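Engineer: Spelled out from the first residue to the last, the chains are:
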Amino acid sequence: MTEPGTAARRARAIRLHRALHAVWDTPPGWARLGAVNHSIVGRRFMLTALFFFVAAGLLAMLLRTQLALPLNDVLGPGAYAQVVTLHGTVMMFLFAIPFIEGMALYLLPKLLGARDLAFPRLSAFGYWCYLIGGSVVLGSIAFGAAPDGGWFMYTPLSSKPYSPGIGADVWLLGITFVEVSAIAAAVEITVTILKVRAPGMSLGRMPIMAWYLLVTALMILGGFPPLILGSVLLEVERAFGWPFFSPEKGGDPLLWQHLFWLFGHPEVYIIFLPAAGAISTILPVFARRPIVGYAWVVSAVVALGFLSFGLWVHHMFATGLPRLSLAFFSAASLLVAVPTGVQVFAWLATLAKGRPVLTLPMLYILGFFFVFVAGGLTGVMVAIVPFDEQVHDTHFVVAHLHYVLIGGFVLPILGAIYYWLPQISGRMPVFGLGKTAFWLIFAGFNITFLVMHWTGLLGMPRRVFTYEAGLGWHAPNLISSVGAFVLTMGFALVALDLFLQLRHGRSFRRDPWNAGTLEWAMPTPPASYAFASLPHVASRDPLHDDPTLPQCLAAGEGYLGRVREGRMETLVVSMVDAKPEQILVLPNQDRGPLWTALSLAVFFGALLASLYWLAPVGLVLTLVFAWRWAASGAMRADPPPEDAGRGVVLPLHVAAARPPTWWAMPFLLLADAILFSSLAFGVVFLAAFAPGWPAPSPPDLPGVAALVCAAALVGAGSAGVGAGWANRRAGIARGVARDACLAVAAVASTVALGALARLALGLAPTSHAHHAVVGALLAYVALHATVGLILSAFCLRLSLGGAISALRRSPVEIAAMWQLYTAATGLVALVLALLAPEALRPPEVVR
Amino acid sequence: MSVLSRPSGLLWLVAGFLVWSSAFLVLYGLHAIGCVRAWDAETLRGALVAAWGVHLVVAGGLVPLARRARRGVRDDAEGRGDAEGRGAGFVARAAVVLSTAAFVATLWIGLPLLAYPLCR
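First to last, the sequence lines map onto chains A and B. Quick note: the first sequence, position 35, residue 35 per our numbering, numbers continuous. Quick note: the second sequence, position 77, residue 77 per our numbering, numbers continuous.
Any given hint might turn out to be false.
[What the hints assert, rightly or not] Chain B is faced by these chain A residues, among others (derived, beta-carbon under 8 angstroms):
1. A7
2. R9
3. L203
4. V292
5. A295
6. W296
7. V298
8. F306
9. G310
10. L324
11. A327
12. A331
13. A332
14. L335
15. F689
16. W693
Read the hints as simulated data drawn from the structure, not as lab findings. All of these numbers come straight from a predicted model, not from anything done at the bench. All residues carry an ideal CB built from backbone N, CA and C; glycine is no exception.
All chains, full assembly: derive it from the sequences and hints.
Structural biologist: Printed below as a string of structure tokens:
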């Protein structure tokens, strides 16, 4: 290219940057409370998660100090129980998952060649929920009110009679609040990966990290609902005395274990997969060749996503289940090693066929290989039932889980931080502290946890605050404690190294690692809009194909290389082939997510403080802010298609049949359906297996009210679908039919609520689990009918205001999906409530 | 447009393991119900093996279907090149791998039925 051409291109790039910056930038100060940009929200998630990591690490130091000597008195039994519970809780719920979410939110648009996420405000809302909920959980220890029932909160220890304080409520409500954030992030990540990519980036050309994050997000949608349900049920038992887990009234503590581990085991893979995704991204860069077996690795990740759900009972091998039941889970536990092995061998093959360079991120990956494979092998050991029964609840299991979690998550994530920090900060490390820190961490970790296997084999149980001298546990415990302090020094050195890199690091031009993925196709630190124009992708390594791509994009030579009407825009593509479909108009600087999260905090806070009269106020406020949020993007006229650049003309997303908002609904309903399935499982489990059944007096559920409820739910579902159908073509008659259907749906939802209230009159939920589970089913349906009523009213309001048309139809279609789902689950819930408890009892006790 | 180019084509990636999930839950649930209701051993083992067999047939049936879908995508892409890079080609290839893996997994988790005592 000639000099004048280059100068003209640079001038174009600067003009475009200024125009985009004016639209996309979030100024400092109070405006940051309304920040929704993915870079800001992603960084916030990661920094907050790292703060929680430090806090939980300090708690671990307290634990190791206490256990260093026999009969030590640094912590008493009560304080030890709180510290050990918070250490696990904070590490799992407030560090690992949110860090992954933050990394995904920050990186995904940049990896996918988009300017932002599909729902920036949803991410911001999730962050505020996480910050508030997490602060309450961690802050509780300052008041001596922290949960103390273990990070898994087993019943009956966590039930009211045995944990009468507020600690268990802090855990149940605080973690549920944080899980709202996880579900929000999972929907965000799923829809963004499937729909908001660069044109040409078909599924086979996606960066492999996106595949890992997609599977992780879907696993969150599948794994978190059982725990949310369990937490809600346990909190209702503690607060109102509905005996789901109390065996003296027909409940069963094992139900909690099932619900918890239905979440808890996939959680391990939810944590591992993004870290493995980082390895699959970083390792090929430093092996100087593409990853071996891309399709095999993707297939292994999908398989792992499923298989990890078939392992939950392997945490319950010692609960007295029949051998055959255990064998199913033992078989699945062995099976899960296969897709993990596929990935490990793909990484080894990539190293073997490449020309590896030993950089600091690679050093952490090599550390991962050693530690994680060792953890995987001890995992196979505890998957064998007889061995597990020997080491169950001993320090062997503590050692195993730390090998898996630190090996499978912390080490690769440290590698990922060193790999991507230059992308975030625009600076490369200048001092050699990172390698020293790595060796301290590696040595400290193995000193701590390798010997801990032996402590466990010697029989030392978990969660005991001290031990007698003379049991042979002193020496290994002392070694573990010394190792833990070495490990902490390593982490402290990493913190110092990162600080020095951020403050004094060396600047670089672009792509310091010679990577091929798109996050390096932009100046660093990245601008808020990420790409000045969007690329057309033709391979998995677009930067290797065209090294001049960054300059072309900066000069606006890709898609959307302009600013029109002050709008923030990115592209929506088809799921599989990534053909451009829509222009997605994005919001900027909105405090709605903050207010919505604060309103929801009022609800959760009121429940925590037992101010039950205040809880509905929080819900109403949440509804008001959510309504304003949802209505804010409405348009009063059909927008015309617009030029998206490179000769492509596309509709705006509000005028598309299936915008990202539409796609969010099936995934949200997937999570909802899994929650409902977990509830149905709970009903069946208690009805068939719990002691103390049948109830002295069964619920009195009038058949007429049940029939009216069923008819009303079907009516609301049909009317919702009818509204969607009527709205698909323009015309006055169609418009009238749509509005009439919406009104009918609202009325039918109201009738269903009335019938549910009549059914509830026949319950005495505190008397027996039979009443309690029927109450839970009715409450589930009532909640959904209420949301259906609100959605129908919302659509009617938009319609009467001219914000709905045959083109702008997604609100009506979303409401239809909800009403249909409510009808389907409502009918199943009614059948379960009326028939299941009687039908499932063993023959000798069927009355 | 190939069937695998549509959003519903992505179901091919998960169909095999959905069958595996169903097999897992049905076997675990049926076994638990059978034991608590004190079904006689022959009935219970027969029901379990039948449920396992049905799932094996369905999971096994998905494999040739996935292979056929892949051939369809290849034919579709003939002459255009880069079938793997295009979304449908990649989905087709992964679908064959995943449905085969799911069939093997379904076979594996049912094997204890043939060796273990039922309700002890």
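Engineer: All hints are to be evaluated individually against the structure, with a verdict given for each.
Structural biologist: Evaluated hints:
no. : hint : in the structure
1   : A7   : violated, 36 angstroms
2   : R9   : violated, 29 angstroms
3   : L203 : holds, 4 angstroms
4   : V292 : violated, 15 angstroms
5   : A295 : holds, 5 angstroms
6   : W296 : holds, 7 angstroms
7   : V298 : holds, 6 angstroms
8   : F306 : holds, 4 angstroms
9   : G310 : holds, 5 angstroms
10  : L324 : holds, 4 angstroms
11  : A327 : holds, 3 angstroms
12  : A331 : holds, 5 angstroms
13  : A332 : holds, 6 angstroms
14  : L335 : holds, 6 angstroms
15  : F689 : holds, 6 angstroms
16  : W693 : violated, 11 angstroms
When held up to the earlier numbered hints, the structure conflicts with 1, 2, 4 and 16 and fits the remainder.
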